[in-house]
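Undergrad: For reference, the chains in residue letters:
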Amino acid sequence: MNTMTLLTTSKYRWGEAILRQLFFLCALISVLTTVIVIGILAVETSSFFQQVSITDFLFGTEWRPMLEPKAYGILPLLGGTMLIVVGSSIVALPVGLACAVYLSEYASDRARNIIKPVLEVLAGIPTVVYGYFAISFVTPGLRFVFDDVQIFNAASAAIVVGIMVLPMVASLCDDALRSVPLSLREGAYSVGATSYEVTARVVVPAALSGIFAAFVLAVSRAIGETMAVTLAAGATPNLTLNPLESIQTMTAYIVQVSLGDTPSGGLAYKTLFAVASVLFTITLVMNLLANKVMRKYQEVYE
Amino acid sequence: MNTRDDAVLEARDVTIRYGEQAAVKNVNLSIYEKKITAIIGPSGCGKSTLLRSLNRMNDFIEHVTQDGEILYRNTNLYGEGVDPVEVRLHMGMVFQRPNPFPKSIFRNVAWGPTINGLPGDINLRVERALKQAALWNEVKDRLNDSALNLSGGQQQRLCIARALAMEPEVILMDEPCSALDPVSTSRIEDLLFELKQNYTIVIVTHNMQQASRVSDYTAFMENGSLIEYGDTDQVFTRPKQKRTEDYVTGRFG
Chain A
372 MNTMTLLTTS
382 KYRWGEAILR
392 QLFFLCALIS
402 VLTTVIVIGI
412 LAVETSSFFQ
422 QVSITDFLFG
432 TEWRPMLEPK
442 AYGILPLLGG
452 TMLIVVGSSI
462 VALPVGLACA
472 VYLSEYASDR
482 ARNIIKPVLE
492 VLAGIPTVVY
502 GYFAISFVTP
512 GLRFVFDDVQ
522 IFNAASAAIV
532 VGIMVLPMVA
542 SLCDDALRSV
552 PLSLREGAYS
562 VGATSYEVTA
572 RVVVPAALSG
582 IFAAFVLAVS
592 RAIGETMAVT
602 LAAGATPNLT
612 LNPLESIQTM
622 TAYIVQVSLG
632 DTPSGGLAYK
642 TLFAVASVLF
652 TITLVMNLLA
662 NKVMRKYQEV
672 YE
Chain B
1348 MNTRDDAVLE
1358 ARDVTIRYGE
1368 QAAVKNVNLS
1378 IYEKKITAII
1388 GPSGCGKSTL
1398 LRSLNRMNDF
1408 IEHVTQDGEI
1418 LYRNTNLYGE
1428 GVDPVEVRLH
1438 MGMVFQRPNP
1448 FPKSIFRNVA
1458 WGPTINGLPG
1468 DINLRVERAL
1478 KQAALWNEVK
1488 DRLNDSALNL
1498 SGGQQQRLCI
1508 ARALAMEPEV
1518 ILMDEPCSAL
1528 DPVSTSRIED
1538 LLFELKQNYT
1548 IVIVTHNMQQ
1558 ASRVSDYTAF
1568 MENGSLIEYG
1578 DTDQVFTRPK
1588 QKRTEDYVTG
1598 RFG
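Taken in sequence, the protein lines are chains A and B.
Residue numbering for the first sequence follows the numbering used here, beginning at 372 and increasing consecutively.
Residue numbering for the second sequence follows the numbering used here, beginning at 1348 and increasing consecutively.
None of these hints come from the bench; they were simulated from the model.
Bear in mind that the values here come from a model prediction, so they are computed numbers and not experimental data.
From the three backbone atoms N, C-alpha and C, an ideal C-beta is built for every residue, glycine too.
Restricting the straight-line Cα-Cα distance to at most 27 angstroms, the calculated cross-link-like pairs of lysine-lysine (BS3-like) are:
no. : chain 1 : residue 1 : chain 2 : residue 2
1   : B       : LYS1543   : B       : LYS1382
2   : A       : LYS663    : B       : LYS1450
3   : B       : LYS1487   : B       : LYS1450
4   : B       : LYS1587   : B       : LYS1381
5   : B       : LYS1450   : A       : LYS667
Computed from the model, here is a short list of chain B residues facing chain A with C-beta under 7 angstroms:
no. : residue
6   : ARG1435
7   : PHE1448
8   : ASN1463
9   : MET1513
Turn these sequences into a full structure, and let the hints steer you where they fit.
TA: Given below as structure tokens:
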């Protein structure tokens, strides 16, 4: 009988219900935003492709959407982005990995407690500051060393983007190296390995998929990086392999058009969305790849 | 026990501290050639710490300090100018949990000899080690498979083979069966009798039956101190110390 009383008097908890709806709404907003962004990109991009053929867009080597004769080949912008990606990878990947190896394998607790926060500060610097740093410091430095460096050039931007993603590479690689169990290191030491052999031939290979995932995320970030490359690399769509020339990346182009007085609805305006779609597709694929690799390496050690 | 000619390793007044805390207190112990010496005692008594001091494995743990000497054929392993990497070429080790490298079966065994440039044909060396570890028949057709696909017991025998491939003089085993099932455990115990003919073995175990089955000498430790050390028979049937008796008869621990 008592049980019955308990059941019938149980109250509907209004507070709980409202909170649950609130949390659901918050979750919904983030999902909805993504869906809307993708939707707009798709619609505008397809209307762009009604006027420009996909082949011309993907394989054309001239990008001149504002000037006559107009041309809509994305390769110069893609090339500009790739120049930044390759250049920044040359800076960030080896140095970041070396930094992580030092932090995880060699550094004392004290050194770690100093270096880790410094890296985090480096990661927190606004990207526009990096851009300014490139123009006022890196470019003059490059011009001092090389003769024919243009005021705006890919190398300078690539170097600061490299410095920018360095903390992320170091931190993610550090996580990957530290997830290798101590027992594996001890096993290696027990057969007479030196610390370098343990690191280079057991720990790093065991953490390889985590390290690779860090690299992919770094590249993905370099592709999407905007402010520093807009400031330092220039606004010249230029299909070149010479990093000392001025170029334009996909992101910098989007900034240029967004800031200018391009009439909305026109073809030039629609190029924004076409370029953004390419950018989005590339970073999406990279992030999916990183995710997949990361999951695989989590399975190896648990 | 007095120093005998056949002592391979001798701990003299060894004290090991983690920070301020002494984990091993003033231990004197001799390890004899081609015998199995078991170190037993309750959890946290310092037996693993003592074992790890014999091949300088404690070097990797921060804030560990050690006093006293560990003599390996009259050379102090902690003396000035002694290279810890060199030390480990003489003292192989097998750990509590199987810890094969994420490499192939073959490369797990071949890795140590290769990086140290040990002489002779590496294929023969790997085969010999795997045979000694009683694993050869199970893996000879899949040497290039990942070691991580082996069962726990096989992995532990692989780790024994990895140690044997270095042809050390002493093999240190830190509770090598604690993560294994009874069948795998008895295989490894059988293996120990085989290995005794060529190697000096020190085994840390919390399993008293195991100690009494496999070892020639037994050391009983408690709270970091060596309470009693002697012939295994004597320690288990006629212990001299009351505390040893309490422990081996299962009154505590």
